[in-house]
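Peer 1: Okay, here's what each chain looks like letter by letter:
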Amino acid sequence: MRRLAFLLLLLGCERPAAPPAGRVFTDSRGKSVVVPARPGRIVTLVPSATELLYRVGAAEQIAGVTTACDWPPEAKAKPKVGGVTVDLERVLALKADLVVTCVRMTRRASEDLEARGLPVYSIDPASFAGIAEALRRLGEITGRAEAGAKAAEEFLTRAEAVKAREGPTVYFESSSEPMGTTGADSYTGEALRRAGGRNVFEGGWRLTDWEGVLARDPEVMLIAHDRREGIARRAGWSGLKAVKTGRVHFVAPERYVYPTFRLLDGLEEAARLFHEKNPR
Amino acid sequence: MKRIPASLAVPGLVLAALGAAGLSLVVGSTPLSQLSATILWEVRQGRTVLAFLVGASLAASGTAFQGLFRNPLADPFVAGVSGGAALGAVGAVVWGAPLWSAAAWAFAGGVGAALLAWRLARVRGRVPAGSLLLSGFAVGTFASAIVSVLLLAKSRNWNEVVGWLMGFVSDANPWDRVLVLAPCLAASVAVMAWHARDLDLLLLGEETAGSLGVDVEGAKGRLLVAASVAASAAVAVCGIVGFVGLIVPHAMRALVGPRHRGLLPAALVGGGVLLVLADIVARAAVPGVPMPVGAVTALCGAPFFLHLLRRKSLRSG
Chain A
2 MRRLAFLLLL
12 LGCERPAAPP
22 AGRVFTDSRG
32 KSVVVPARPG
42 RIVTLVPSAT
52 ELLYRVGAAE
62 QIAGVTTACD
72 WPPEAKAKPK
82 VGGVTVDLER
92 VLALKADLVV
102 TCVRMTRRAS
112 EDLEARGLPV
122 YSIDPASFAG
132 IAEALRRLGE
142 ITGRAEAGAK
152 AAEEFLTRAE
162 AVKAREGPTV
172 YFESSSEPMG
182 TTGADSYTGE
192 ALRRAGGRNV
202 FEGGWRLTDW
212 EGVLARDPEV
222 MLIAHDRREG
232 IARRAGWSGL
242 KAVKTGRVHF
252 VAPERYVYPT
262 FRLLDGLEEA
272 ARLFHEKNPR
Chain B
28 MKRIPASLAV
38 PGLVLAALGA
48 AGLSLVVGST
58 PLSQLSATIL
68 WEVRQGRTVL
78 AFLVGASLAA
88 SGTAFQGLFR
98 NPLADPFVAG
108 VSGGAALGAV
118 GAVVWGAPLW
128 SAAAWAFAGG
138 VGAALLAWRL
148 ARVRGRVPAG
158 SLLLSGFAVG
168 TFASAIVSVL
178 LLAKSRNWNE
188 VVGWLMGFVS
198 DANPWDRVLV
208 LAPCLAASVA
218 VMAWHARDLD
228 LLLLGEETAG
238 SLGVDVEGAK
248 GRLLVAASVA
258 ASAAVAVCGI
268 VGFVGLIVPH
278 AMRALVGPRH
288 RGLLPAALVG
298 GGVLLVLADI
308 VARAAVPGVP
318 MPVGAVTALC
328 GAPFFLHLLR
338 RKSLRSG
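Taken in sequence, the protein lines are chains A and B.
When you line the first sequence up against my numbering, it's residues 2 to 281, in that order.
When you line the second sequence up against my numbering, it's residues 28 to 344, in that order.
Some hints could be false.
[Said to hold, decoys possible] Here are the simulated lysine-lysine pairs, DSS-like style, with alpha carbons at most 30 angstroms apart:
#1 A:32 / A:164
#2 A:151 / A:164
#3 A:164 / A:81
#4 B:181 / A:32
#5 A:96 / A:32
#6 A:77 / A:96
#7 A:81 / B:181
#8 A:151 / A:79
#9 B:181 / A:79
[Unchecked claim] Label-pair ranges, simulated between beta-carbon atoms:
#10 B:54 / A:254: 52 to 60 angstroms
#11 A:78 / B:53: 55 to 63 angstroms
#12 A:106 / B:54: 51 to 59 angstroms
#13 B:67 / A:118: 56 to 64 angstroms
#14 A:118 / B:316: 50 to 58 angstroms
#15 A:254 / B:209: 33 to 41 angstroms
#16 A:109 / B:153: 29 to 37 angstroms
Treat the hints as calculated values from the structure; they're not laboratory data.
Think of the CB as a built atom: it goes at the ideal place given N, C-alpha and C, for glycine as much as any other residue.
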């Protein structure tokens, strides 16, 4: 509630003559992070942070990204601070004044950077509302509160434009052997639900065994990885409803696995696939 | 531990294997009331057979390595074979090669790592067992490191990395894997059985073995390849599963004695039983959420290994 009040206060006093130096923001960890008045040398450690910052128009304030940050395409031209691991020296050499990341995914590097006195702001949206909030927060932090609010609005409007009635039972596969999937409790799970899919699994991101999929016999399968070799030779494959009706779809992972605007492409695609008129 | 003649122990282990297989058929994420014939006979039966063969391959490989190196610490992992095989298989998989060719690359990697370690350890035409273990360990660790880098660079999928480095028994395509593994295991076991007496004599020392008529270098080379093929095939279909190749030969040696004619079959069946049981734990620990089988073998393997060490059973090695 206090966070909300704080947010409203910030939204209310938009475009002040000069924002006060060193403002305090609460991040996804619930931690109070002191952010410079207008950060101009932001380093991101996860692709979603990069993409969301571009969306609020903070491209010029980004000083460094990771090799995994490939969207929007112009982000690829930014200096790199690492990929799987983060090169702390590079971050410091870039004279970063703020690090934006998902601390859950980059805990070690985040803690090291905080120990050096760098403010680390964590985003970790788990839902569409969370993505919209992350856009608003990143707008405020970068001194672009209006752009952030507008992007959040745009995101939710486009999401709500997808009006899908309840459709087929769905299995989403993010990795093969061991198989990764998600239930409804993740932003990807929410996208599938909004598209009218009834998820055969519960919970958030998780692993499953193949027999769990066979036992649930989903009507539609979305395969969002590129380990397709041998997939049609899986035990009991030809007996699955989704296979018999031609409703196994190989989809681009990047439309489903990032909590960003690209998830809307996934939502729209899934809504179309779930409500195909004549699936063979 | 009191020794039991192999003629009694092996049938006993076979009975244990049947019991473990039966248990493996009824344990899983699907409630018994919803079991379909597909899940029972294609998924669970395939998975059980695969786990058994992987355990048997690793144990047979470990038995041969321990006899070959006359060193109780030898196993496919320490010899560098597991790491090399994982590198071959993962290299093939990230570039989209089919499973059978991944297996071929795993042999290339596993046998290549073993031969490289052999070559690095060779001093003036001789290969001291201690140096071979050290060079094998270095080569294997190096290969495992490349595996991690390759997977993270090409797939960014931690599940997959863990699956390869900690071992994972597939329940989606088990029969494909059985078809790859079974002939490799059969061929390596045939070579090991052919050299069973040589392995016994090698325990007395290479010079003694040579004076008793063993073609020492020839036998060592063939056994090295056979042990590498068995372990590489296991890694190709299931990732790196640790400890089975180490503890099963020890346990079986304590049970049936050091003679390979009894030890080899006991290790084959014992390794199979161990991995079937470990796989049951891996899938039942959190129902519906698979755990890497290598984590289970390490969890139960390490304390068991220490127990054996304390009982000084290693002396017989």
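Peer 1: Does 29 to 37 angstroms hold as the CB distance between residue 109 (chain A) and residue 153 (chain B), or does it fail?
Peer 2: Violated, at about 46 angstroms.
Peer 1: Holds or violated: residue 81 (chain A) with residue 181 (chain B), Cα cutoff 30 angstroms?
Peer 2: holds, 18 angstroms
Peer 1: Take the C-alpha atoms of residue 181 (chain B) and residue 79 (chain A), compute the straight-line distance between them, and say whether it is at most 30 angstroms.
Peer 2: holds, 21 angstroms
Peer 1: Residue 151 (chain A) and residue 79 (chain A): Cα distance at most 30 angstroms?
Peer 2: Distance ~25 angstroms between residue 151 (chain A) and residue 79 (chain A) Cα, so the pair holds.
Peer 1: Take a look at whether the Cβ-Cβ distance between residue 106 (chain A) and residue 54 (chain B) falls inside 51 to 59 angstroms.
Peer 2: violated, 34 angstroms
Peer 1: Assess, step by step, whether the Cα of residue 77 (chain A) is no farther than 30 angstroms from the Cα of residue 96 (chain A), and give holds or violated.
Peer 2: holds, 19 angstroms
Peer 1: Does the beta carbon distance between residue 54 (chain B) and residue 254 (chain A) stay inside 52 to 60 angstroms, or does it fall outside?
Peer 2: Check failed, 33 angstroms falls outside 52 to 60 angstroms.
Peer 1: Is it true that the C-beta distance of residue 67 (chain B) to residue 118 (chain A) lies inside 56 to 64 angstroms, as the hint says?
Peer 2: Holds: the Cβ-Cβ distance is about 60 angstroms, inside 56 to 64 angstroms.
Peer 1: Against the range 33 to 41 angstroms, how does the distance between the Cβ atoms of residue 254 (chain A) and residue 209 (chain B) compare: consistent or not?
Peer 2: holds, 34 angstroms
Peer 1: Between the beta carbons of residue 118 (chain A) and residue 316 (chain B), is the distance compatible with 50 to 58 angstroms?
Peer 2: Violated - the Cβ-Cβ distance for residue 118 (chain A) and residue 316 (chain B), about 40 angstroms, lies outside 50 to 58 angstroms.
Peer 1: Tell me if the beta carbons of residue 78 (chain A) and residue 53 (chain B) are separated by a distance inside 55 to 63 angstroms.
Peer 2: holds, 57 angstroms
Peer 1: Measure nothing beyond the straight line between the CA atoms of residue 32 (chain A) and residue 164 (chain A); if it is 30 angstroms or shorter, mark the hint as holding.
Peer 2: The hint is violated at about 36 angstroms.
Hints 1, 3, 4, 10, 12, 14, 16 from the earlier list are contradicted by this structure; the remaining hints agree with it.
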